[in-house]
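2 protein chains.
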Amino acid sequence: MALIVQKFGGSSVADPDRIRAVADHIVRTQRAGNQVVVVVSAMGKSTDNLVRLAHDVSHHPHGREMDMLLTAGERISMALLCMAVIDLGVHAVSFTGSQAGIVTDTVHGKAKILEVKGDRIRSTLSQGSVAVVAGFQGISTAKDITTLGRGGSDTTAVALAASLGAEVCEIYTDVSGVFTADPRIVPEARKLSHVSFEEMLEIAATGGKVLALRSVEFARNHGVPVHVRSSFTWEPGTWVVEEDPSMEQAIISGVTHDTSEAKVTIAQVADRPGVAASLFRALAEAAVNVDMIVQNVSTAGHTDISFTVPKDDLHRALGVMEKISPELESTGITHDADVARVSVIGAGMRTNPGVAAKMFEVLADEGVNIEMISTSSIRISCVVSAGDVDRAVQALHAAFDLQNA
Amino acid sequence: MALIVQKFGGSSVADPDRIRAVADHIVRTQRAGNQVVVVVSAMGKSTDNLVRLAHDVSHHPHGREMDMLLTAGERISMALLCMAVIDLGVHAVSFTGSQAGIVTDTVHGKAKILEVKGDRIRSTLSQGSVAVVAGFQGISTAKDITTLGRGGSDTTAVALAASLGAEVCEIYTDVSGVFTADPRIVPEARKLSHVSFEEMLEIAATGGKVLALRSVEFARNHGVPVHVRSSFTWEPGTWVVEEDPSMEQAIISGVTHDTSEAKVTIAQVADRPGVAASLFRALAEAAVNVDMIVQNVSTAGHTDISFTVPKDDLHRALGVMEKISPELESTGITHDADVARVSVIGAGMRTNPGVAAKMFEVLADEGVNIEMISTSSIRISCVVSAGDVDRAVQALHAAFDLQNA
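If you're matching them up, the sequences are chains B and Z in order. Each residue of the first sequence is one higher than the one before, starting from 1 at the first, in the numbering used here. Each residue of the second sequence is one higher than the one before, starting from 1 at the first, in the numbering used here.
Bound-form chain B, shown alone (with noise of 0.2 Å):
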């Protein structure tokens, strides 16, 4: 008998048809001979409303009873979708993160799961019901409730699944699977059957909104096998798995893009030790997301240092970098909101030199300026300015011939 995890986001569990239909779909996979443990979010955009309702009531909502507020969303879909699944014959038990045993730090709105009990979890499959598990909750080792912050549900569902050990993790969305490139500006992109754990947090670093970058970290840590699959159609999507190095690799797995950053560069700073240092503690200290960092050689004992930011921070990493700016020597600062990221990945381009250089000759032949460029080695990435992002793309997808892989 296997033991399959399946994580439930809000769109599938949006309204009572939906709640039904995830149910059913739940009692198959049981009555297959399966144990089943479902991680479920909040009903469609019920967490948004919650959020909406505090800034009502309160200018800094409180943190603790933030997350005590936004847990009220799961409670509410997983009793109904337990309601549904009982309905239907089999029994259901609805858990808390608290009562499903997982236990986070203290950091309400992105608490990190420090353990998974699970013994409740246990003992109801061992009766033969179904646990349905609140996502992205859990009790603090002060025993107040937290939040995981985004993609929580995710995490909670990976989590339950490496700590129970779990054959698969299902993650159901409105999606059926990770694509070769975003489908509404390359319609001829194609739904990838594997992707490697490494490809995939590549993917979901640049822009690919499928599944939480954390989620694909823990899954990759504790080796749990994770398949990301629509609810709307039940077709199968993507396997997210370990690279199996008996075989070849395809070169690139897909192109990324992400329209959410700005670029900041702090011009000709001086080129000593801890230069660096100063400026990125400086924007940690305020909460400043710093994503692509790129220096480069120094001319004349000065560099510039640019890097991206995610745009709510911008105004934030901007009166930073005015205080910090002298101490640094910098001549100045100049921004750009308009601007985007364009990445190629793929486990592939380690045996295949080249790549860049086809990239780069590809964003050329479109007539696209780079502006940035960083690389890990399955990953190449230019920030271009944003009103290119779907040519480039576009250009790209058809270039490295993903259509046809």
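Keep in mind that the hints are not guaranteed to be accurate.
[Claimed, not checked] In the DSSO-like style, the derived pairs of lysine-lysine whose C-alpha atoms are separated by at most 30 Å in a straight line are: (1) 117/B to 143/B; (2) 117/Z to 117/B; (3) 45/Z to 45/B; (4) 143/Z to 143/B; (5) 45/Z to 112/Z.
Since the hints were derived computationally from the structure, they do not count as laboratory data. In this text, all values refer to a predicted model and were calculated from it rather than measured experimentally.
With chain B fixed as given, assemble chain Z onto it according to the hints.
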């Protein structure tokens, strides 16, 4: 320093403006030198909405999951209320029923409180913070979430007040206290400044909706003074306290009415031991809530038994009675849903004979026919035709001079 428990009902926290107004009152109470424990219901009609959602999803919502679902309502209101209090500069901490240590039996939907631990609340108060507790909910001895049923938040408040040794339990609602009659029927009805536990029990049992019966029972059993007042005007309301034997009692404190019940009569049942027991055991097993019961003296070895039941239970009651009727040798069952119960209540009745006679005379003068009579030491109730109820209440209120007492 006094410890005050303040309970706010759904209408008191129906929207962000109301929540801020309640927060302001809590902060004033604390700054006046008191320790404050707050019990809060779900916002406005949100519990009704959750019940509707459950019935949209399931034909027979499972009891455990229904409780899990419904407790989301208080979670939302208490978190928002804490945020609003914190905004005003006083720290506040919310607690679920489970976190507050409200331990109940395992009867989902109408659990009984077995124990109030309250350690976290005491520790919160000792740190100078306000404790905000979810009403209506607890955790069962089997570690499952339970709800306390109708009037549950009042019961939570009184139980906490008893356990913590509070000076008073203030019940804030959308009316300004307990009145001598329903002001919608008797415009000159007067707010009572004090009423005894016993009178309040009779008022709650006979149609007064201000306080739930079980919370009054709990308050009486534990000697918790209750102050029922308005969260809209904040004016002093009605104190529900121990009867003060040193003072002369008003003969009548109020006139109540109740149109929620139907009358049922089973005619000419055998007048032998065990007949009534068989009947009411069968009704109890069908979960029919029987209220008033009247049995007259027997003629020729047979007697009529009449009783009232909630209109919602009438169909079920009739089914049970059809089945048991032959065994009881009854000649027939009649019922009337078009009835109302009118009651006069007053502790002074004990020492003032003639109240019943006066009540019957007043009704006779109004041409109101009395269909059933039942009494306690401080109450006389008559079942009359529903069409007569307003006239009956008005005439009794005037005859006992309640507007001037």
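Quiz item: Of the hints given before, which are not true for this structure?
Solution: none
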